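Between the sequences and the hints, there should be enough to build the whole structure, so can you do that?
Residue 930 is where the sequence shown starts when you use our numbering, and the numbers rise one by one after that.
What the hints contain is simulated information worked out from the structure, not anything from laboratory work. Fair warning: this is a prediction, and the values are worked out from it, not measured in the lab. Misleading hints may appear alongside valid ones.
To be verified - Cut-off 30 Å, straight-line C-alpha distance, at most; resulting in silico cross-link-like pairs (DSS-like, lysine-lysine):
id	residue 1	residue 2
1	Lys-1130	Lys-1140
2	Lys-1109	Lys-1140
3	Lys-1130	Lys-1117
4	Lys-1109	Lys-1042
5	Lys-1117	Lys-1140
6	Lys-1130	Lys-1109
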Amino acid sequence: MLSGAATDSSRDFGLLTYAENDSAPAERLSRLAIGNVRESYEQRCEIALSRLRRADTTGARRTAAGLRTTGVANYDEAPVCASLIEGIVVALAQNSPRATRVRALVTVDSLLKTQPMGTPSIWNYDVAVAFARLGEFHAAASAVNRRLLPRSARLAISLRDEGIWALQAGDTTAALTAFKRYLLFRDKPEPSLQSQTTRVKAMVARLEAAKQPR
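Structure (structure tokens):
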């Protein structure tokens, strides 16, 4: 059990699932969950995905195996998360052929495309990050573009990254669209996000200038 930390755990889980920088709440929740036999499948899933976003595969395969036997009725998302975790772990394996790593992500990306509405669309961001690490920028931009609006509170960061990946894939039109939508969510950014917003504004200005007739 989480003993007296239930309220804190609930608050951190919300941050873990939706925050733009979830490393700290992920680690805190991990500590709170130590020895917690009643830890929810959502917590196990999101802790593993948070670590994988930072290329940390610690305990990932064990978590995936546990999710496949979670025994929670009516939660079809648990095995889907297990497949996502397993695919990203393969993609992070430096000693595997690149084709094998890409194929693992294509497989799990196809799985996410066919899932019902109950499956969190934020998981598309996780597979997109993995694609981008392999230089598959078109696939990354395409995956992160599949958003369930307005549910995903990772919307701003997913728009920013979609713009970056689309630009790296050579699709300046898609990049501009994503960057401009990102700026709509950052019209009055807090100080910690000001420099990020300024960089995106500069990229938009350069891209628009490049489109002007000479």
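Hint check:
Between the alpha carbons of Lys-1130 and Lys-1140 the distance comes to roughly 16 Å, so the proposed pair stays at or under 30 Å and holds. Proximity of Lys-1109 to Lys-1140 is assessed by CA-CA distance (about 15 Å); at most 30 Å being required, the pair is judged to hold. Of the pairs offered as hints, the one joining Lys-1130 and Lys-1117 holds, with about 13 Å between alpha carbons and a cut-off of 30 Å not exceeded. Distance check on the hinted pair: Lys-1109 and Lys-1042 sit about 26 Å apart at the alpha-carbon level, within 30 Å; holds.
At roughly 27 Å between alpha-carbon atoms, Lys-1117 and Lys-1140 fall within 30 Å of each other, so this suggested pair holds. Pair hint Lys-1130 plus Lys-1109 holds up; C-alpha atoms about 8 Å apart against a cutoff of 30 Å.
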